[in-house]
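The numbering of the sequence shown is full-length UniProt numbering, which starts it at 1 and goes up by one.
You may find that some hints are simply not true.
Pair by pair, the computed Cβ-Cβ distance ranges are [claimed, not checked]:
no.: 1; residue 1: L336; residue 2: T311; range: 21 to 31 Å
no.: 2; residue 1: H67; residue 2: T44; range: 22 to 32 Å
no.: 3; residue 1: G126; residue 2: T195; range: 49 to 59 Å
no.: 4; residue 1: P6; residue 2: M69; range: 45 to 55 Å
no.: 5; residue 1: A306; residue 2: L22; range: 45 to 55 Å
no.: 6; residue 1: P63; residue 2: L230; range: 29 to 39 Å
no.: 7; residue 1: P2; residue 2: P310; range: 56 to 66 Å
no.: 8; residue 1: D25; residue 2: P235; range: 26 to 36 Å
no.: 9; residue 1: D197; residue 2: P167; range: 51 to 61 Å
FYI, nobody ran anything at the bench for these hints, they're computed from the structure.
C-beta atoms are modelled at their ideal positions from N, C-alpha and C, and glycine is treated no differently.
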Amino acid sequence: MPEFLPGLTLARHFYFEAVRPLLGDLPHAAARLGPGSDVLGFDTERSTDHDWGPRLELFVDDPGDLHDMLARRLPKRVRGWPTHFAPPGARVRSMSHTDGDVEHYVRIRSFPAWCRDLLGFDPAGGIGLLDWLATPWQRLAEFTGGAVFHDPGDVLTAAREGLSWYPPDVWRHVLACQWQRISQEEAFPARAAETGDELGARMLTARLCRDVARLILLQERRWPPYAKWLTRALPEDLTVAALLAALRTADTTDRENALCAALEMAALRQNDLGLSAEQPPARRPFFDRGYAVIGAGRFAEALRDAITDPTVRALPLTGCADQIIDSTDVLTDARLTRAVVAATLP
């Protein structure tokens, strides 16, 4: 294989050098969006072993025989990378040599149909509260990430901009729910360690670190990706060092200090956002038990108090899809995800 280059760069070459010359005057839009580490900018040489290569989303209202035409006429390679993927029709495919027609990785759909498949709704029809809460963060990252190569009328661009981030009160609500999650377990690692349950203390610490990582990305206005890429998306700062320290140490006091340090930095971030009344960003005792915690519940309450939209303010602090659901099979099924989230709403 040739020297590695980012998948988005390869997709751009694929469109302009191989696909676009074959389309003539066919109305279309073209982009590299949807699933794939390349869309998030996290692809490496390892990524080339499956579902990576010259890929493209081609949005056409009436595709006709476009798929077959591309199979016959596409070049066998672009910038040295095969355009043929095998085995044909499989869920997971890899680049391969062919002497015949190209089993290409050009996904051809109308844009509204593609949106409904990925998101569960078409943003051109408006984005409602259920749409915001029931669309997994990974899907939003896949929709707003990647790259657009051709977009007459800016249809794709407008839809992507519309889903670039939550409306302010929905953002407050999701942040409040994330602080609420942390409040429910922030004292548990110390309690588990107190009983001699080191395994439990470490597992609980890992859960809290995951929730803090998601909180930081929500504060940074970045859709938290799924588990494989979650911490790759974090800003490189002292919070990451504190989370690493909490996970590495076997000392109860050091672990507590590291978790509190990470949460104190998250509390400072929260105050800097100006979304709610400021809260003292310092650790405090957990009632009379002596464990040090941030007191995450007060940030949840402050954010909820700052919500002005009565519909959003009336929501329970159960949260959005990723805060409610921990099943990959549900989160990757828009119909199921929307049903679960809808069941939590008043």
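Pairwise beta carbon distance, D197 to P167, judged against the given window 51 to 61 Å: Violated, since D197 and P167 (Cβ atoms, about 42 Å apart) do not stay within the stated range.
Outcome of range test on Cβ distance (A306, L22; 45 to 55 Å): 53 Å, holds
Verdict for H67, T44 (Cβ pair) under range 22 to 32 Å: Since H67 and T44 have Cβ atoms about 30 Å apart, the given range 22 to 32 Å holds.
Whether the CB-CB distance between L336 and T311 falls inside 21 to 31 Å: 24 Å, holds
CB-CB spacing for P310 and P2 relative to the 56 to 66 Å hint: 58 Å, holds
29 to 39 Å as the expected CB spacing between L230 and P63, which holds or is violated: At roughly 36 Å between Cβ atoms, L230 and P63 fall inside 29 to 39 Å, so the hint holds.
P6 paired with M69, Cβ distance criterion 45 to 55 Å: 28 Å, violated
Pairwise beta carbon distance, G126 to T195, judged against the given window 49 to 59 Å: 52 Å, holds
Assessment of proposed distance window 26 to 36 Å (beta carbons of D25, P235): 45 Å, violated
In the structure shown, a violation is registered for the earlier hints numbered 4, 8 and 9, in ascending order.
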